[in-house]
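From first to last, the protein sequence lines stand for chains A and B. Each number in this note's numbering comes from the position in the first sequence (counting from 1) with 476 added on. Each number in this note's numbering comes from the position in the second sequence (counting from 1) with 476 added on.
FYI, nobody ran anything at the bench for these hints, they're computed from the structure. Among the hints, erroneous ones may be present.
[Unchecked claim] What follows is a list of derived Cβ distance ranges for each label pair: (1) B:E805 with A:T478: 30 to 38 Å; (2) A:G747 with B:K804: 33 to 41 Å; (3) A:S641 with B:Q591: 46 to 54 Å; (4) B:K804 with A:N615: 49 to 57 Å; (5) B:R796 with A:P693: 27 to 35 Å; (6) A:E820 with B:A620: 40 to 48 Å; (7) A:N615 with B:M477: 38 to 46 Å; (8) B:S735 with A:T634: 43 to 51 Å; (9) B:Q650 with A:K764: 42 to 50 Å; (10) A:T634 with B:R633: 56 to 64 Å; (11) B:G826 with A:K523: 39 to 47 Å.
The beta carbon of each residue, even a glycine, is placed where N, CA and C say it ideally should be.
Each chain is listed here by its residues.
Number of protein chains: 2
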Amino acid sequence: MTMDLTFLGTGSAYPSPHRGASALVLRTDGECWLFDCGEGTQTQLMKSQLRAGRITKVFISHLHGDHLFGLPGLLCTVSLNTSSESQQDLNCVDIYGPRGLRHFLRVTLGITGSQLLFPYAVHELEPTPDQSPEEGKLNPEMTAERGPLHPQEQPGRTISLDVSSDTYLLFEDQKFVVKAFRLFHRIPSFGFCIQERDRPGRLNTELLKELGLKPGPLYGRLKAGESVTLESGRVVQPSEVLEEAIPGRKVCILGDCSSVLGEGPQRLCSGADILVHEATLGNEHREKAVDHGHSTPEMAAAVARACCARRLVLNHFSQRYKPSAMVKEGDEDHVSELKRQAEEALQGTGVEVILAEDFLTLQISLRRSR
Amino acid sequence: MTMDLTFLGTGSAYPSPHRGASALVLRTDGECWLFDCGEGTQTQLMKSQLRAGRITKVFISHLHGDHLFGLPGLLCTVSLNTSSESQQDLNCVDIYGPRGLRHFLRVTLGITGSQLLFPYAVHELEPTPDQSPEEGKLNPEMTAERGPLHPQEQPGRTISLDVSSDTYLLFEDQKFVVKAFRLFHRIPSFGFCIQERDRPGRLNTELLKELGLKPGPLYGRLKAGESVTLESGRVVQPSEVLEEAIPGRKVCILGDCSSVLGEGPQRLCSGADILVHEATLGNEHREKAVDHGHSTPEMAAAVARACCARRLVLNHFSQRYKPSAMVKEGDEDHVSELKRQAEEALQGTGVEVILAEDFLTLQISLRRSR
Ligand SMILES: [Zn+2]
Ligand SMILES: [Zn+2]
Ligand SMILES: [Zn+2]
Ligand SMILES: [Zn+2]
């Protein structure tokens with residue numbers, strides 16, 4: 477199963493012609509999960525190789541406009557593209573994000589008379605008081621739910637912090653476990669950890685033949701982890717005939733933050749194949765970055781190091797940093813300097829540092845072993 | 477005083493990489509008035525020659541997303557660009573649009589924690605029941621005003637139809653009278669008429685000298701329309717010494733519609749220097765266009781003809797019509813065909829037909845006489 481990550485917008489604060497506002501897509505087997513949706517995401521999506529109609533889940537890290545203002549329009553356009561598509565597109569779109577998101581969508585879709593051809597549900601994460609300064613807390617008056625649901629809205633869940641693990645369980649199915657964790661920012665922000673489940677290793681068919689087992693339903697039972705009793709009475713354990721399990725991939729995508737809250741996230745993200753972290757400003761602007769709830773490359777590197785991530789992707793650059801291809805001689809702010817700063821902080825760890833750019837796609841390959 | 481009109485988005489339904497969502501800017505003496513603000517307008521503005529910081533008034537024709545979803549982000553970005561600008565930028569931004577707009581902005585700016593460096597006020601137009609089919613009427617529950625104003629929000633006016641003139645008076649000052657009028661669309665929609673005031677003609681200085689009047693305050697009084705008594709007792713009337721008045725320009729910008737309601741708009745827009753009208757689909761799709769509350773070139777031409785407009789600009793094209801420069805051989809839908817259809821309907825009238833394109837700027841020159 478292929479898995480890749482495409483950056484649709486890598487700029488902070490607002491979209492510009494050279495960097496879109498925050499959005500990225502994790503694609504697995506043709507299904508697209510969207511992380512954040514700044515203004516202009518639908519146009520960036522059209523310019524990319526991805527298909528808007530395939531977006532089945534949306535995750536919003538926090539409610540700042542540069543991560544959210546594109547969502548109502550994206551849903552409307554996905555719906556317009558849905559009309560001629562298959563039934564499959566009419567599955568419910570699940571949307572995860574902080575408390576307030578449900579009301580935001582209900583009002584923006586409602587006042588504009590937007591009708592969708594598919595249902596949607598907003599599952600809200602309940603922030604804790606320590607995720608932002610006092611002035612960043614949403615007035616409960618602002619999100620008190622009133623009025624009827626949007627005609628295409630299905631009731632969503634409210635998800636609270638699981639105190640023992642310091643994480644939020646968003647959902648789990650046969651392929652994935654997806655959790656969120658708390659970040660500190662000017663307003664409550666979240667990171668997401670997408671953990672693919674391990675898959676059983678291949679069956680050793682040589683050995684099975686020696687044991688006298690022919691291909692058939694018993695193979696499936698062994699692969700599913702059940703033991704099998706031969707006619708001879710001999711019990712075959714799965715571990716005897718299965719090669720090493722194929723470890724699931726782990727992708728961690730953090731929203732805007734100046735720090736990660738609690739110890740849980742580090743355990744959760746441990747050994748991440750890829751960790752996407754913001755680096756809004758260079759190390760030399762650390763004070764300003766932290767004042768605004770943001771990180772520097774050094775701070776992003778510290779998180780990657782603590783999690784033993786394999787690859788660190790720097791993202792969410794101040795619009796002062798032009799994409800590498802656009803930098804001209806004499807320009808003061810080089811995005812390559814941000815990469816250098818993170819690499820310096822990660823010296824000797826073997827963590828690879830990558831600069832996100834609009835339309836960059838990163839493959840996430842299966843590993844043979846941990 | 478120069479006056480020009482710049483199209484930032486000329487596509488219908490959603491923004492695409494080749495046509496932005498609806499937005500255009502009327503510029504006079506460096507002040508910019510924005511008409512509609514679809515998603516991506518702020519990026520289109522950055523790509524244009526205009527400056528976002530100069531937007532002092534915003535007019536929203538109707539609450540469909542392709543005319544509105546860019547407004548919260550635009551306000552935030554104008555604010556970010558304001559910090560280093562002069563005091564002048566801190567004037568209140570006046571925003572005009574249908575009932576519901578105030579709540580939309582309060583919720584979108586409020587939930588995203590967006591703080592602006594300038595105040596804003598939303599002046600709402602009260603639609604009448606005949607502006608849309610029953611299902612297009614906003615549930616009053618949806619726009620009932622609750623909760624406190626946004627911290628930067630100033631109380632706005634509620635503007636009702638003036639039944640005698642069939643128009644809405646938005647504001648008037650020394651230079652302009654701006655009115656709105658009713659359109660029929662899937663949801664209530666409005667057109668705007670910007671009427672520049674006539675200016676007194678030049679003073680005939682030759683004649684004034686003959687009368688023994690030297691340059692000074694009396695010249696100003698004559699120009700302001702007051703009579704002046706000479707030492708000799710002779711009374712000089714302004715009409716004796718003023719050349720013909722310079723007629724003010726008239727710009728009419730219509731939102732989405734399949735028809736104009738009432739007789740007032742035709743009188744109001746009579747003799748428009750420029751009339752911007754949607755033509756979403758070609759004449760051959762008239763039924764579909766009207767079903768969706770839209771117009772064809774022939775329908776747009778009929779409005780221009782009834783108003784005796786000088787120039788008709790076709791706008792708001794279905795995304796199936798690529799910009800002229802992008803049309804390839806074999807393409808079925810030619811935007812030039814829309815122009816031809818309007819020209820055919822206007823044969824013999826002398827009305828000039830223009831196709832709007834993203835980033836097209838049209839000068840609106842002063843006329844010598846009516
Ligand atoms: Zn951000
Ligand atoms: Zn943020
Ligand atoms: Zn429209
Ligand atoms: Zn419309």
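Okay, the hints, checked on the actual structure:
For the pair E805 of chain B and T478 of chain A, the supplied restraint of 30 to 38 Å holds, since their beta-carbon distance comes to about 37 Å. A hinted range of 33 to 41 Å for the beta carbons of G747 of chain A and K804 of chain B is inconsistent with their spacing of about 50 Å. Distance hint for S641 of chain A and Q591 of chain B: a CB-CB separation of about 35 Å, inconsistent with the stated range 46 to 54 Å. Our hint of 49 to 57 Å for K804 of chain B and N615 of chain A holds, since their Cβ atoms are close to 53 Å apart.
Taking 27 to 35 Å as the suggested C-beta distance range, the pair R796 of chain B and P693 of chain A does not conform, at roughly 53 Å. Range check, E820 of chain A to A620 of chain B: Cβ separation about 56 Å, and the 40 to 48 Å hint is violated. Distance hint for N615 of chain A and M477 of chain B: a CB-CB separation of about 45 Å, consistent with the stated range 38 to 46 Å. Taking 43 to 51 Å as the suggested C-beta distance range, the pair S735 of chain B and T634 of chain A conforms, at roughly 46 Å.
The hint said 42 to 50 Å for the Cβ distance between Q650 of chain B and K764 of chain A, and at roughly 44 Å that hint holds. The supplied range of 56 to 64 Å is broken by T634 of chain A and R633 of chain B, whose beta-carbon atoms lie about 39 Å from each other. Under the hint 39 to 47 Å, the C-beta atoms of G826 of chain B and K523 of chain A, about 42 Å apart, fit the expected range.
Consistency note: the structure conflicts with the earlier hints numbered 2, 3, 5, 6, 10.
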